[in-house]
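Protein sequences appear in the order of chains A and B. The first sequence maps to residues -11 to 542 in my numbering. The second sequence maps to residues 13 to 347 in my numbering.
Don't read these hints as lab results, they were simulated from the structure. Source: prediction; values computed, not measured. Be careful, since some hints might not be right.
To be verified - Covered, in the sense of this in silico footprint (three residues per stretch, anywhere, with C-beta under 8 angstroms from a C-beta of chain A), are these stretches of chain B: (1) 64 to 75; (2) 117 to 123; (3) 215 to 224.
To be verified - Some, not all, of what chain A presents toward chain B, calculated at C-beta under 10 angstroms: (4) S40; (5) L72; (6) C88; (7) F205; (8) Y289; (9) K311; (10) T342; (11) R408; (12) T434; (13) Y470.
Stated by the list, open to error - The calculated DSS-like cross-link candidates involving lysine-lysine, where the alpha carbons are at most 30 angstroms apart (straight line), are: (14) A:K32 with B:K321; (15) A:K55 with A:K32; (16) A:K317 with B:K345; (17) B:K321 with A:K55; (18) A:K390 with B:K90; (19) A:K385 with B:K90; (20) A:K277 with B:K335; (21) A:K361 with B:K310; (22) A:K317 with A:K243; (23) A:K244 with B:K346; (24) B:K211 with A:K151; (25) A:K279 with A:K322; (26) A:K37 with A:K317; (27) A:K322 with B:K310; (28) A:K322 with B:K335; (29) A:K243 with A:K385; (30) B:K211 with A:K(-6); (31) B:K310 with A:K317; (32) B:K346 with A:K322; (33) B:K321 with A:K37; (34) A:K322 with B:K345.
Backbone N, C-alpha and C define an ideal beta-carbon position, used for all residues, glycine too.
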Amino acid sequence: MSDQIKPDELLNKIDYGPKKKSEPGNWMNTSVQIRPGMYCYAAKAESVKTLSLPNARPWNPLEDDWKLPDNWQEIIFQGLKERLEKFRTFKVFMDICVRCGACADKCHFFLGTGDPKNMPVLRAELLRSVYRNDFSTAGKILSKIPGGKALAGARPMTMDVLKEWWYYFFQCTECRRCSVFCPYGIDTAEITIMAREIFNLLGLNIDWIATPVSNCFQTGNHLGIQPHAFKDMLDFFVEDIEDVTGVNCAPNFQKKGADILFITPSGDVFADPGTYTCQGYLILFQYLKEKYGLDVTWSTYASEGGNFGFFTSHETMKRLNAKMYAEAKRLGVKWILGGECGHMWRVIHQYMDTMNGPADFLEEPVNPITGTKFENARSTKMVHIVEFTADLIKHGKLELDKSRNSNRIMTFHDSCNPARGMGILDEPRYVIENVCDNFYEMPPNTIREQTFCCGSGAGLNAGENMELRMAGALPRANALKYVHEKFGVNTLGTICAIDRAALSTLCEYWVPDVEVYGIHELVGNALILPGEKNRTEDLRFEPLPGVEEEESDE
Amino acid sequence: MNQKYLIPLTAVFLLFLVAYTGVEGAGLQWFFGIVFPYVAVIAFLAGFVYKVLGWASSAVPFRIPTTCGQQKSLPWIKQSTIDNPDTSTGVFVRMILEIFLFRSLFRNTKAAFNKNASNRLSYSWEIFLWVGALAFHYSFLVVLLRHFRFFTSPVPSCLKILERIDGIVQLGLPGLMLSGVVLLLAVLFLLARRIFDAKVAYISQAADYFPLFLIIGIASTGLSMRYFTKVDIIGIKTLTMGLVTFSPTIPEGVGGLFYAHIFMVSTLFAYFPLSKLMHMGGIFLSPTRNMANNTRAKRHVNPWNYDVKTHTYEEYEDHFREKMIEAGLPVDKKE
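Extracted from the complex, chain B is given alone in its bound form (with noise of 0.2 angstroms):
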């Protein structure tokens, strides 16, 4: 076993027990289902405007898009407008394909030399990354928006919808929903990929193996309460309407799983803007995508543009004279 994944691991597993625990010995569901949530709550919104705000204050010297494609120039020659865009339309397209459907890593190829035989070097489209990644953040999402029905009442319609897609395959009592399933799934994946690809694993660190096993005990946990253990609902919306309205209260019947599962969320949430989850915030500021490549055409001003010491044409002038004349170079001053 490896450090970097043993102390995450055991983190993510003293977490659990602590919120089990404090809930099931020492009677503390007011610390775990109101005081450390709306900590939380507060911790990942601040800090992920002071991280946002951060970034936003440092400046932008240069434009320095990274071009993926032809760039606009004469007229008859096919501009690759998305991948190269030189207008704001451009870059707003390049931007949503690459929020919403991760465009940089669908290119992703996997290179593999053929040692010996041939001396090849050659290189295969690699989409497993790219389908986990994805099939992760919006299976995430759909289950994030899910909870909004602990949050709402009434229960827009809208959430009513999006339940009734994710368990459109209509399996077991309650019915199974797609998202959490595909959500473990896919985690697991990623975990697999950190642990088994040797490359990845070189590159990881313990925070990269930490919010995994957080999200898988919160999946799991998630899980477990809708389809194994079952929970007192009408508890839980009791609570979590309190929350939401600012009149907590504190329901009977709940048991330490749910303030396990609750307490594991918050500390994502807590935990978000300390790390590299926000990814989420930064790509939107991302100056080699969300810049347009027409530097040439349009200037760019550098806020902080200094004047520096050069060597000018009259000391150049001054030093060659004698040489350029000799040369028969046109000089400005014939001493």
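Chain A on its own, in the form it takes in the complex (with noise of 0.2 angstroms):
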């Protein structure tokens, strides 16, 4: 990152009062200025091919031409009516902020950059805008009394504007921490997911959601790692976990008749620090599988939790949902259980079973070891794994060593999608404390369902939009940094694979020695498999606590 900008020159630029003189009179009448670090290049051709989505074509948004359809206008006129008919929530939330302001302050992009258009309500604006044009009755009659337009808020929609809705709805990580605070819970992420299947309509995605999802819709991830190399990663981690453990943890893969299917995010599978929590799956299911005979299997076709067509259209998530059930049924398992995930969890929890139901061919789950019945997911039949770990724990059904994680200071990081779209705060801690000593929570105004997005979600990891990234990072840095000075954390914990990657960027950048942990990592350590040899080295081929200094006793 030696050609990014300076976290000290980053936080120069911050300032939350919108600058009058270089703002004069209306934020309607500023042109938008497309500006490298703070946007992700176009999506490729292919990739949109591939989904047979419209206008494929290759386009560069820092161009003056996007290369649209000649009745583009036509076309978003056309989207918008058909999204406020069938979503309430979009027809709703165009007609009732107050514009009161208690969201401006709330979102990580505006605590970034202080870039006004940031604050929820005028990323909100910037389509509502057009809404009070083309389709309120109140705009229509307003128009026709002098100063009725200006009375009314409205603009027609002009190349500037959708320039502006292109790099600010790429600019929301569909958070919904905004939401949080709304008095009429407008969701920005919801105005967000509407703008951005309005850019589909007209081939304008960004190729850091494209190609995942053409690579997800083809090879079953979105890294496209193909079905021979997938199984090829995994052989590779049960060689690691067998170093350390000197067990063999070796996984099914499409195994007919097993008892549990398991869906994880790619990132875990492709990408450090994810590969750990990985492990810690592995590990998991092993010692399941001998202590109790709980036969867990794995899927190429299915392996890939996430969903970056929740980025693209709803349309698009359910095809890449689809995989999930199909599978399932194919192998006959009883129910799903699913990795550690983000917006993985949002779409299972809020959408699958709506969209991809009903799951009448898998059995309402049920741990077969405990007996719980996991009656939050009995209509879904998906299982979230730290719901499943916490009850194993409660009911003593895993020995672990807690010791092996005990050079671990742990903070953890509710991720967005979790805490506000579902509300798994409590599982998460508990399964920490069960496997670590060391843990301290981060400022209140920074967790659970107010927590603090990495600045990276929703489609937006990539590498050419580092300033946006670090900038909306910093929130969730600045609390984290506040419990790295205090208690010397140097561990964050976090349930999201996108996290996995995002906060490892943003310590290295923000807070340089905390490092970043699955859940899943922590169990791996801790876990004591049957048969296993004397560990002195933990899943990252560190030394355990106090193995180090043993070593140098003798």
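Dock chain to chain to rebuild the complex, using the hints, since each chain is given by itself in its own frame.
As structure tokens, this is what we get:
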């Protein structure tokens, strides 16, 4: 990141008071400057084609001509109209905002950039101003009175407006923090989702979303790992685990009649430090197989828990998500277990059953080891692995050696989607408490439902928009730095694959002495496998606490 | 002066002048006292119903509440039953708290960035917007309810009790009603926030200032009639009872100030369904608040769900069969 903006330079730019001089009159009259470092590259034509989405062509956001179809305004109008009828959220949120400003300083991108158009209310107003012009009766009536257009706050759809939309709706990570504070529950994520659907009608996706989506559709996962390579990756982990523990934890693939199908984001299979979390899963499943005969299978076909289709359109989300149920049905498992991931769990929790259910070919999930019925998942039939592990620990079914993680001074980052689109808050904390000795919370306004985004969610985890990402990461980093300095926190736990990648970059940039861990990596370290050797290293091949001294004593 | 508030301020002045001079100069009492109030009330009712039906006609394809607390999961984990409800009772309580106590706004914080020394971001509880909003809405409600004495004969006892509570400070003659004063102060606070808070000023539109100026106009003409200029209450009650019994009459001796007041009130009613003031109806329909977070337990049905093109396992296996066999992965068709 040598050519990237330095932390100090970034901090110097922050100013929460919109400058009146540089923004004369109304914000509606200023046009957008698409700035390198703040935007993601355009979708490759090939990726758009794979999904048969419209207007696949090479284009560049920095150029004047975006190579849109001639009737692009008509497409936007019809697209909005259709969505206003299909989504009550969208229609209500277009009408009822009073611009009270409660959301203004809740957005991590506003806090990190000071750009007034990153205030959630203003992000939504970018779209509302056109809605008021084209759809609201008030806008139409008022525009006939002198001064009425200003009174309505309306503006027509132009190329400048479209570029502004594109720039700012790809500066929203759909984290929903603003929605927690809104007195009407207006959810900017929902508005961003609609705007991105509109972009996709015109072929205006970004590549960091379009290519993973295309890969996932064709190959089964975002990274485009082909079946044999996927197996190779897991085999490689199995070898590493055997080095550390002396136990072979080889998983099942596509095993028909297994008890449970396990699906996790492919990031866990491919990118550090998610790979260690993945090893944690393998260790847990080996333990459960050995001790209790639980039969878990993986699938290379449904090898992606994440769903970047969610950042493209509802339809694309459905197309990618369909694999989970299809594979569970084909394999004849009882129910599905899902790995640690953020937006994946919002899709599973709030969308999957509605889109691709009913899952009447699966059983209501019961933990065969503890007998616990997962009643909160009785229809969707998919259980979060942290719910599953917490249940096992509570019933004393896991033998854990906490001391193996005693060098980890932990804090926990609640990921946006599990926190605000699900509410899985205490389960991960319970697991952490049982596998670690030292745990400190970050300040109350930065955790649980008020948690801050990593700054790279909703498909913005690219390399070219690093300034945007690091600015958006600031509020999280700032809270982390606070506990790092106060309590000596050296480990940031999380249950999201994007987080494991994004927070590592965040730490490197803002709080260099902190490492990122998935919760099941800690479980993997602590879990005492039947027949394991005397462990001296953790999953990262670092010496276990206490071992270093012993060796030097000898 | 910024045109964002200059236009609405001028508009409200004009409204006042039109009614005042229309009555004092042109004798148009029948228009400002009878025709326009009727038109405004019809526009309000029709517009409100039209708007709400419009929202209701849009589908709710997914159950997507914003969860603000612990979910219901394992029996020994304490659920936050109000902020993350999984039952309709929980949703009901959540909605009551939102509608009557503005619970989400109560959470409001203010972020501050301490540059240089510590580079620390800090968040403090910011209660003033909540207090201001609550004061504004409740005083407005009380003022509105008190006005029902002009439309009922005899005045119901509950209104008299309300008046007695509202006038509890027993100051001056006629007795001071707290609600009117609180309303004016609260609306001035909300206005000051819009003008002096740089962030709120930036997001504000003329459509935000207009209702504020209009309500300031309504409150100040009302307060002025009650405490300073005095009006012929008997005459006004004759007019209002005439309106409500559909036998409208114009009494003698009621001045232009009253007609300016009723004209601005009528304008507010007519403007209501065309504006952001519809948040009053919309809050009930907000899907992030009025739905239970139980989508995994209870299937939600999307009325327009349709089939989509997926990439099936068969297509996948056809594509990768050789590589799969070579890697020792099970396949359905071995060819």
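Outcome of the hint check:
1. Residue count for the region 64 to 75 of chain B with a Cβ under 8 angstroms from a Cβ of chain A: 10. That meets the three needed, and the coverage hint holds.
2. Counting residues of the region 117 to 123 of chain B whose beta carbon lies closer than 8 angstroms to any beta carbon of chain A gives 6, which reaches the threshold of three, so the coverage claim holds.
3. As drawn, the region 215 to 224 of chain B meets chain A at 7 residues by the rule of a beta-carbon pair under 8 angstroms; at three or more, the given contact holds.
4. The interface hint given for S40 (chain A) is met, as the beta carbon of that residue sits about 7 angstroms from the closest beta carbon of chain B, less than 10 angstroms.
5. With a cut of 10 angstroms, the hint placing L72 (chain A) at the interface with chain B holds, because the nearest CB-to-CB distance is about 7 angstroms.
6. Interface hint at C88 (chain A): satisfied, since its Cβ lies 7 angstroms from the closest Cβ of chain B, which is below the 10 angstroms cut-off.
7. A cut of 10 angstroms between beta carbons decides the hint on F205 (chain A): the least distance to chain B is about 5 angstroms, and the hint holds.
8. The closest approach between the C-beta of Y289 (chain A) and any C-beta of chain B is roughly 5 angstroms, which is under the 10 angstroms cut-off, so the hint is satisfied.
9. The closest approach between the C-beta of K311 (chain A) and any C-beta of chain B is roughly 7 angstroms, which is under the 10 angstroms cut-off, so the hint is satisfied.
10. For T342 (chain A), the interface hint holds, the least distance from its beta-carbon to any beta-carbon of chain B being 5 angstroms, beneath 10 angstroms.
11. The interface hint given for R408 (chain A) holds, since its Cβ lies 6 angstroms from the closest Cβ of chain B, which is under the 10 angstroms cut-off.
12. At a threshold of 10 angstroms, the smallest CB-CB gap from T434 (chain A) to chain B is about 8 angstroms, leaving the interface hint in force.
13. Because the beta carbon of Y470 (chain A) sits about 7 angstroms from the nearest beta carbon in chain B, less than 10 angstroms, this interface hint is met.
14. For the proposed pair K32 (chain A) and K321 (chain B), the alpha carbon gap of about 21 angstroms is at most 30 angstroms, so the pair holds.
15. Between K55 (chain A) and K32 (chain A) the CA atoms are separated by roughly 14 angstroms; this keeps the pair inside 30 angstroms, and the hint holds.
16. At most 30 angstroms may separate the alpha-carbon atoms for a hinted pair to count; K317 (chain A) and K345 (chain B) meet this at roughly 17 angstroms.
17. A distance of roughly 27 angstroms separates the Cα atoms of K321 (chain B) and K55 (chain A); the hinted pair therefore holds under the 30 angstroms criterion.
18. Our distance criterion of 30 angstroms between C-alpha atoms is met by K390 (chain A) and K90 (chain B), whose separation comes to about 25 angstroms.
19. Taken as a hint, the K385 (chain A) and K90 (chain B) pair is honoured in the structure, with Cα atoms around 21 angstroms apart against an allowance of 30 angstroms.
20. Using a Cα cut-off of 30 angstroms, the hinted pair K277 (chain A) and K335 (chain B) holds, with the two alpha carbons roughly 28 angstroms apart.
21. Simply put, K361 (chain A) and K310 (chain B) have alpha-carbon atoms about 15 angstroms apart, close enough for the 30 angstroms limit, and the pair holds.
22. Among the hinted pairs, K317 (chain A) with K243 (chain A) is consistent with the structure: their alpha-carbon atoms are about 12 angstroms apart, no more than 30 angstroms.
23. Between the alpha carbons of K244 (chain A) and K346 (chain B) the distance comes to roughly 16 angstroms, so the proposed pair stays at or under 30 angstroms and holds.
24. Restraint check: the Cα-Cα separation between K211 (chain B) and K151 (chain A) comes to about 23 angstroms, which is no more than 30 angstroms; the hinted pair holds.
25. Restraint check for K279 (chain A) and K322 (chain A): satisfied, since their Cα atoms lie roughly 20 angstroms apart, inside the 30 angstroms limit.
26. At roughly 29 angstroms between alpha-carbon atoms, K37 (chain A) and K317 (chain A) fall within 30 angstroms of each other, so this suggested pair holds.
27. Note on K322 (chain A) and K310 (chain B): the hinted pairing holds, with a Cα-Cα distance of about 18 angstroms set against a maximum of 30 angstroms.
28. This hinted pair checks out: K322 (chain A) and K335 (chain B) have alpha carbons roughly 28 angstroms apart, not beyond 30 angstroms.
29. Restraint check for K243 (chain A) and K385 (chain A): satisfied, since their Cα atoms lie roughly 25 angstroms apart, inside the 30 angstroms limit.
30. Among the hinted pairs, K211 (chain B) with K(-6) (chain A) is consistent with the structure: their alpha-carbon atoms are about 27 angstroms apart, no more than 30 angstroms.
31. Simply put, K310 (chain B) and K317 (chain A) have alpha-carbon atoms about 20 angstroms apart, close enough for the 30 angstroms limit, and the pair holds.
32. Taking the CA atoms of K346 (chain B) and K322 (chain A), the gap is about 26 angstroms. The hint holds against a cut of 30 angstroms.
33. Of the pairs offered as hints, the one joining K321 (chain B) and K37 (chain A) holds, with about 14 angstroms between alpha carbons and a cut-off of 30 angstroms not exceeded.
34. Restraint check for K322 (chain A) and K345 (chain B): the C-alpha separation of about 24 angstroms stays at or below 30 angstroms, so the hint holds.
Of the numbered hints listed earlier, not one is contradicted by the structure.
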